[in-house]
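2 protein chains.
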Amino acid sequence: MYKVKVFVTLRESVLDPQGTVVKNSLHSMNYSEVSDVRIGKYMELTIKKSERPVEEAVKEMCERLLANVVIEDYRFEIEEAVAQ
Amino acid sequence: MYKVKVFVTLRESVLDPQGTVVKNSLHSMNYSEVSDVRIGKYMELTIKKSERPVEEAVKEMCERLLANVVIEDYRFEIEEAVAQ
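Protein sequence lines correspond, in order, to chains H and B.
Under our numbering, the first residue of the first sequence is numbered 1, with each subsequent residue one higher.
Under our numbering, the first residue of the second sequence is numbered 85, with each subsequent residue one higher.
No lab work stands behind these hints: they were computed from the structure.
None of these values were measured; they are calculated from a predicted model.
All residues carry an ideal CB built from backbone N, CA and C; glycine is no exception.
Treat the hints with care, since some could be wrong.
Unchecked claim - Coverage of chain H stretches by chain B, computed from C-beta distances (three or more under 8 Å per stretch; other residues unrestricted):
hint, segment
1, 39-47
2, 66-77
Stated by the list, open to error - Facing chain B, according to a computed beta carbon distance under 10 Å, are these residues of chain H, among others:
hint, residue
3, Val8
4, Thr9
5, Arg11
6, Ser13
7, Met29
8, Ser32
9, Glu33
10, Val34
11, Asp36
12, Arg52
13, Glu55
14, Ala57
15, Met61
Let the hints inform the model, and build the full structure from the sequences given.
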């Protein structure tokens with residue numbers, strides 16, 4: 001079993017209106033020290049061992065479904081978990 | 085300047101319908117090795133140095149705005165960034 005953590009973020013050049021709203025909310029709550037907020041997605045996948053390498057499978061899942069590679073970047077971390 | 089990475093995830097006991105949909109989509113794309121998907125939020129905050137400790141400020145922001153602590157857990161990582 002593997003635990004895979006996937007982070008999907010908007011590319012630097014893409015505007016993040018949701019992040020701007022959160023930043024403005026934080027300012028109105030007196031957290032004026034916050035100068036930028038970017039919002040992304042975080043996914044935890046539990047994956048059973050199979051013939052094909054997990055890195056390859058996860059990369060393909062990201063490209064095909066989990067991230068929109070035109071406007072988003074992704075990265076992932078794979079941890080081997082002890083089966084319970 | 086600090087770069088703070090905030091991870092907000094649904095508590096274990098809370099159903100994640102969005103995660104179930106992604107899992108089912110992955111199964112229909114022949115990734116049958118995926119046994120669970122949980123979806124959360126990932127936020128990157130850029131915070132200027134101020135008088136109060138950044139850990140304390142970020143904890144408060146999470147509790148008050150970024151996470152719904154009734155159904156979500158949060159954790160964060162603080163990195164000191166070189167001002168540009």
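Verification of the supplied hints:
1. 39-47: It holds: at least three residues are needed, and the segment 39-47 of chain H offers 9 whose Cβ sits within less than 8 Å of chain B.
2. 66-77: Coverage by chain B is violated for the segment 66-77 of chain H (1 residues, Cβ < 8 Å).
3. Val8: Holds: closest Cβ of chain B sits about 8 Å from Val8(H), inside 10 Å.
4. Thr9: Constraint on Thr9(H) satisfied, holds at 7 Å.
5. Arg11: violated (13 Å)
6. Ser13: Constraint on Ser13(H) not satisfied, violated at 15 Å.
7. Met29: With Cβ-Cβ at 7 Å, under 10 Å, it holds.
8. Ser32: holds (8 Å)
9. Glu33: holds (4 Å)
10. Val34: Cβ of Val34(H) sits 5 Å from chain B, so the hint holds.
11. Asp36: holds (4 Å)
12. Arg52: For Arg52(H), the interface hint holds, since the closest Cβ of chain B sits about 8 Å away, which is under 10 Å.
13. Glu55: violated (13 Å)
14. Ala57: holds (6 Å)
15. Met61: holds (6 Å)
When held up to the earlier numbered hints, the structure conflicts with 2, 5, 6 and 13 and fits the remainder.
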